[in-house]
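One-letter residues, chain by chain:
There are 4 protein chains.
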Amino acid sequence: MVQLRKVIHGKLDPSDRSDLVGRLLDLFLITLIAINVAAVILETVESIETRYHTVFWVIEIISVAVFTLEYAARVWTSPENPEFQNSKNPRLAYITSPLALIDLVAILPFYLGFIVDMDLRFLRVLRLLRILKLTRYSSAMSMLLDVFREEANAFFAGFFILIVLLVIAASGAYLVEHEVQPGKFGSIPAAMWWAMATLTTVGYGDVTPITPAGKIFGSLVGVVGIGIAALPAGILASGMADLLRRRRAELIKELRIALEDGVIDPAEERELEEIRRHLGLSKRIAEEIRDDVQRSHSGGLTGQCPHCGRNLG
Amino acid sequence: MVQLRKVIHGKLDPSDRSDLVGRLLDLFLITLIAINVAAVILETVESIETRYHTVFWVIEIISVAVFTLEYAARVWTSPENPEFQNSKNPRLAYITSPLALIDLVAILPFYLGFIVDMDLRFLRVLRLLRILKLTRYSSAMSMLLDVFREEANAFFAGFFILIVLLVIAASGAYLVEHEVQPGKFGSIPAAMWWAMATLTTVGYGDVTPITPAGKIFGSLVGVVGIGIAALPAGILASGMADLLRRRRAELIKELRIALEDGVIDPAEERELEEIRRHLGLSKRIAEEIRDDVQRSHSGGLTGQCPHCGRNLG
Amino acid sequence: MVQLRKVIHGKLDPSDRSDLVGRLLDLFLITLIAINVAAVILETVESIETRYHTVFWVIEIISVAVFTLEYAARVWTSPENPEFQNSKNPRLAYITSPLALIDLVAILPFYLGFIVDMDLRFLRVLRLLRILKLTRYSSAMSMLLDVFREEANAFFAGFFILIVLLVIAASGAYLVEHEVQPGKFGSIPAAMWWAMATLTTVGYGDVTPITPAGKIFGSLVGVVGIGIAALPAGILASGMADLLRRRRAELIKELRIALEDGVIDPAEERELEEIRRHLGLSKRIAEEIRDDVQRSHSGGLTGQCPHCGRNLG
Amino acid sequence: MVQLRKVIHGKLDPSDRSDLVGRLLDLFLITLIAINVAAVILETVESIETRYHTVFWVIEIISVAVFTLEYAARVWTSPENPEFQNSKNPRLAYITSPLALIDLVAILPFYLGFIVDMDLRFLRVLRLLRILKLTRYSSAMSMLLDVFREEANAFFAGFFILIVLLVIAASGAYLVEHEVQPGKFGSIPAAMWWAMATLTTVGYGDVTPITPAGKIFGSLVGVVGIGIAALPAGILASGMADLLRRRRAELIKELRIALEDGVIDPAEERELEEIRRHLGLSKRIAEEIRDDVQRSHSGGLTGQCPHCGRNLG
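Chains as they are written, first to last, in the numbering used here: chain A, 14 to 326; chain B, 14 to 326; chain C, 14 to 326; chain D, 14 to 326.
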């Protein structure tokens, strides 16, 4: 039983890419998710919905069946997952992990539709959250999610600043424009719609200041808006540059350890390749790092002591 | 008296987070500020204002009472604050500090309403500045404010460039479009509204060039607008990356000093944790830095000792 | 024959800039491409097309003749190109390279017009792809293309996130607004037009939410839109900073090797200049790097030699 | 005469800030320029122009007199300027420098108005270029201009990419929409107005695709537009981070040289302060760098060789 569990886990876990069956399974699941999402989107177009009603029903039945089976299989094999083996209750740890929760939310709407009598349209749209199941299959996603997690504090501070500016911008526009445009700027909540559109530089144009003072104030809000738009960019850019630097340092560490005996055998090669892929560094960058490490290992510092002539390395 | 002052200061200062009473006080104040801001915003909606007039009045009385008490307490206990103990007159130094000025501005409108006969609506909106009292409670804010302070010169240069481009863009559009659209481009100040909307890429669309020459010039202004939008992003990004690098270096310095005796005792642990939180580095990054420093301290350097020739690691 | 081939290759390859004939040829080709692109664009304006019909026809005949000759010459001399000499079949490797494919696509529409009976307007626009032939002549393009290639994974992850957010944003707006605005938000595909305009912060304004809930949701989508706009900026910025750092390291490596014998002779100078230009580093930066390397090589290190104790500088 | 020339140059050159007369002169010139720019802008408002016609005329006469005198003085004292002393003809080198050309363009329109019979309105707006005279007085501007100069190649490549995308986007929209919206998408030049507004994410909304295919294509153009907007941000950010790094390195170099004798005397202090201001580094960052250099100078590498116990430094 445990053996069977090990095997199935190997097929389900997308990080081991050498297995053909596993890769085919990944491809099948990705395609099914994509079909699902497309189906939910097209279902909302009335003309299409009335014509292909049965097709959509069949797709839904099959999808829920497959996803339920997949969920059950993942929960059952979760003790084989190295990420959860350290927990006291691996299965519980897995069930509460983000990816597992997404899988659960993906199949709930179908079952909920039987238990609770909810707005069918709302349940239908909830099925769209299945698109988040695709996060499991993208290795570069983990890097972006890491950056978000690392810089969460800065992001919250940025969001707080945005709220403060929204309130100040809406209030200023309200004070200046509410007499001239009582419909659009008649209250601070009303003015917030304009403030939001301007701070985010979306600028729909359905609401704009008319008075000269309003236009001057509106221009200022627009300028501040560019700055606000810059915040997440700056946070992301510095966070990503930092993450990249730390990943290089990790690869260099590993390369140094592997080079200690002076040579890198095939087993170490595979391991380094695995680390490279896990860190998300391109082969090109990995090559450069490797050259550097190998050169500095076989020679140390470059240059010579100008006094005694011996090499510093 | 001094003992009481010390105790109250401990409760007021949000940086010491181990105290439960202090944390409850923070939570209470934050909630009150949020309620206040929401109240001012909702008051501007006429339907709500007429219905809940009394509720808003009660909220205002309570809030001003609490905030006045808070302000008095902070001023009284300010000599206990390490930031101001070095000044000749700690209380004066505190009263003129940004946070204290925000607290004062928060309660002034209420008292001003009795003294001066001002536009009630304007005073009411002034109360919104209480939202800035929340800056005290966000630790990540200090990093962003630091970046702004550091790069203030670059920001001013960017703002100056924006003014120059605004003038040039508005003038060009005025020259080209003033005959065809005398209302919207009839003078340079008028054309400035379009120029601002385009340079900030907000692009309302209420004013656009009609002539072919105007459209070509307008496109150029749009392209320059993207570049302008890039300025604050570039300044922020490089400023933040730089700040992060310097904070790491500080933590590494502290870790090295703490490791000099070879071990980190609990007192040093708490100190390092405090520094980590003060610097705004995540636990994860702090762990990585610590591993690196410990390895290089215990001899995990790579290369060879120039004295005895053996590997350093 | 091989000698003639070598000579012609020297003229065609734009990287060798000392040859006057080669540079004149480059200039001629660039001008012809630009004239071509301008011609195709102006041909679509009916008034211009009817007046200058013959001129456009002549331009097209000449251009196709020249480009066909150029393509034939490049294919014939491709074995002289160092980039392809390592392949088993250099000509095939060249023909399948991006620049060669662009050259082929540039002349195909003309010939296709005779073979296949296609929409003339579509074929005409296809000729615009000749503008991509200009990529060959810009040395700074290679750096940007390198960054795109390096960070391709991160870009795909960003694109995936955009799709997910598009689906979620459109669905939310659909749920909230479809009853009030059945034309604009009547189905998820319909709502996607608004979602796209808002997430990209383009914000046309032809479709906007009307309900209060719709406006609140729309504001959230706008805020997320700024974040999304930040993604490519962050990826590009960190990728470019990283690329620049690695290019410096390469130049430093080359300078060190050249300095090993203590002096840089004219042959090495030309080589270093070639490397500098190939790496895309400005002369100013190259000077600074050179000073640093020369100083550290001649003993300008700081600190003390661990052997004899004297200052290294 | 030469002595007088030296003295006047000292007053004119804004980099020597210890001179009160020089600083007053700067302030006077800055104010005059600002008044000038404001006057030209307000002159275009007909109501204001008719009322204050004489005031504007007086301002213009005074300004041209002062600026002409300033220009003559700067040209005469240019040999004293260290920047131009190396040239064969210092005065000619100065006259052709950017700042001098701006000063010339600032006074030309007035004189041109007598010589040539040009459109008065155009000449009037040309006077606005006086705003560029303010570039001389901003020290942080030099850093941004440096970044632009350094990364000029990358910016041009970005501009070229923008042109290519503009052509492709306009052509695609033309092909898809020209039958449905012959006025707005009737030719590629016409479609370029929409393409520009979308690629720059300005998104006026006066022209938008109507067909489903057009909306899908339009969405793609919007997505690419965000990427394009990211280009200058990425270039600027990495260029600025790089510039900052190189400036630190320069300051560290200077500090090391000054510390060689173990102490920094007042003369060296003033020099380092000058360098700090010239490089545009904040006092705070300079302090940190100084601490680091001083510590590493007095101790070298940290850590001990694990084998023979001696300090590596």
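Hints may be right or wrong, so weigh each one.
One copy or any two copies: either way a pair holds, since identical chains are not told apart in the list.
To be verified - With a cut-off of at most 25 Å between alpha-carbon atoms, the simulated SDA-like pairs for lysine to any residue come out as follows:
(1) K197 <-> F69
(2) K228 <-> F135
(3) K266 <-> D255
(4) K266 <-> E301
(5) K19 <-> L117
(6) K197 <-> V15
(7) K228 <-> D132
(8) K197 <-> T224
(9) K228 <-> L178
(10) K228 <-> S60
(11) K197 <-> F230
(12) K228 <-> A280
(13) K101 <-> I302
(14) K228 <-> E59
(15) K266 <-> P111
(16) K197 <-> A226
(17) K197 <-> G227
Calculated from the structure, these hints are not laboratory results. The structure displayed is predicted, hence computed values, not measured ones.
Status of each hint after checking the structure:
1. K197 <-> F69: Answer is between: at 24 Å across copies they meet the 25 Å cutoff, but 43 Å inside does not.
2. K228 <-> F135: between (41 Å within a copy, 19 Å between copies)
3. K266 <-> D255: Result: close both inside a copy and across copies, 17 Å intra and 19 Å inter.
4. K266 <-> E301: both (14 Å within a copy, 12 Å between copies)
5. K19 <-> L117: within (22 Å within a copy, 52 Å between copies)
6. K197 <-> V15: This pair counts as neither: shortest intra-copy Cα distance 66 Å, inter-copy 55 Å.
7. K228 <-> D132: between (44 Å within a copy, 22 Å between copies)
8. K197 <-> T224: Answer is both; intra-copy 13 Å and inter-copy 13 Å each pass.
9. K228 <-> L178: Close inside one copy (17 Å) and across copies (18 Å); limit 25 Å.
10. K228 <-> S60: This pair counts as between: shortest inter-copy Cα distance 19 Å, intra-copy 45 Å.
11. K197 <-> F230: both (16 Å within a copy, 18 Å between copies)
12. K228 <-> A280: neither (68 Å within a copy, 52 Å between copies)
13. K101 <-> I302: neither (39 Å within a copy, 29 Å between copies)
14. K228 <-> E59: between (43 Å within a copy, 19 Å between copies)
15. K266 <-> P111: neither (30 Å within a copy, 37 Å between copies)
16. K197 <-> A226: both (16 Å within a copy, 16 Å between copies)
17. K197 <-> G227: For K197 and G227, the Cα distance is within 25 Å both inside one copy (13 Å) and across copies (16 Å).
Against the hints set out earlier in the document, violations occur for numbers 6, 12, 13 and 15.
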